[in-house]
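Participant: So the protein sequences, as listed, match chains A and B.
Per our numbering, numbering of the first sequence is gapless, rising by one per residue and ending at 110.
Per our numbering, numbering of the second sequence is gapless, rising by one per residue and ending at 110.
Certain hints may be false.
Just so you know, same-sequence chains aren't split out, so a pair can sit in one copy or run between any two.
Here are the simulated lysine-lysine pairs, DSSO-like style, with alpha carbons at most 27 Å apart [unchecked claim]:
no.: 1; residue 1: Lys-64; residue 2: Lys-94
no.: 2; residue 1: Lys-34; residue 2: Lys-94
no.: 3; residue 1: Lys-34; residue 2: Lys-91
no.: 4; residue 1: Lys-64; residue 2: Lys-34
no.: 5; residue 1: Lys-91; residue 2: Lys-103
Calculated from the structure, these hints are not laboratory results.
Single-letter residue listing:
Protein chains: 2
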Amino acid sequence: MDELRTLVIYDIEDDKVRLRISESCLDYGLVRIQYSAFLGALNRNKREELFLRLCALLDDNPGKILLQPICDKDVKEVLVKENEKPSEPDVL
Amino acid sequence: MDELRTLVIYDIEDDKVRLRISESCLDYGLVRIQYSAFLGALNRNKREELFLRLCALLDDNPGKILLQPICDKDVKEVLVKENEKPSEPDVL
Chain A
19 MDELRTLVIY DIEDDKVRLR ISESCLDYGL VRIQYSAFLG ALNRNKREEL FLRLCALLDD
79 NPGKILLQPI CDKDVKEVLV KENEKPSEPD VL
Chain B
19 MDELRTLVIY DIEDDKVRLR ISESCLDYGL VRIQYSAFLG ALNRNKREEL FLRLCALLDD
79 NPGKILLQPI CDKDVKEVLV KENEKPSEPD VL
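Looking at chain A on its own, in the form it has when it is part of the complex (with noise of 0.2 Å):
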């Protein structure tokens, strides 16, 4: 099955479901990009399993989660600026 680059953006309050996010999104070989922002090829099958992981960590509590698949095309037109100091991880 076809791999997409895709990437996945969230927005939780609370630490500990927000460190479980980013964890699965590890486990699924995703790399993070922004301190909120995981991007990494997935087949559609892994895709939707980790945003059925995703939702169920999230389970009630406030936030969002976006999974978004984006085509080889749309990939090679992505503009990024990035200075020094990255984010930090939720753990070192």
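Using the hints provided, position chain B relative to the given structure of chain A.
Facilitator: Just chain B now, with coordinates in the frame of chain A:
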């Protein structure tokens, strides 16, 4: 020129810079979907113009900005989970 749904996400420590970045996104007709994420339709010119504006606002401050255009086909594949109590904007 064709407009593409464009996702803007950023990770910026300085409150004033972050506020200005969010204001610029609103100026370009984007809608806030998370605390530090905006979405809206932009053609290539507008997308590059907004990117340059955001880079100028970030200047040498630490931080990251990403603008990702997303084609209509991919937009349909988005997975979203949202629980109540949305993030507060920078200003009310």
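Participant: Now look at each hint and say whether the structure bears it out.
Facilitator: Status of each hint after checking the structure:
1. In this assembly of identical chains, Lys-64 and Lys-94 lie within 27 Å of each other by CA distance both inside one copy and across copies; the values are 23 Å within and 17 Å between.
2. Within a single copy, Lys-34 and Lys-94 get their C-alpha atoms no closer than 34 Å, and across copies no closer than 31 Å, so neither meets the 27 Å cut-off.
3. Within a single copy, Lys-34 and Lys-91 get their C-alpha atoms no closer than 36 Å, and across copies no closer than 34 Å, so neither meets the 27 Å cut-off.
4. With identical chains, the CA atoms of Lys-64 and Lys-34 are at most 27 Å apart within one copy only, with a shortest distance of 23 Å there and 39 Å across copies.
5. Neither within a single protomer nor between protomers do Lys-91 and Lys-103 lie at most 27 Å apart by alpha-carbon distance, with minima of 30 Å and 35 Å respectively.
Violated hints, in rising order: 2, 3 and 5; the structure is consistent with all others.
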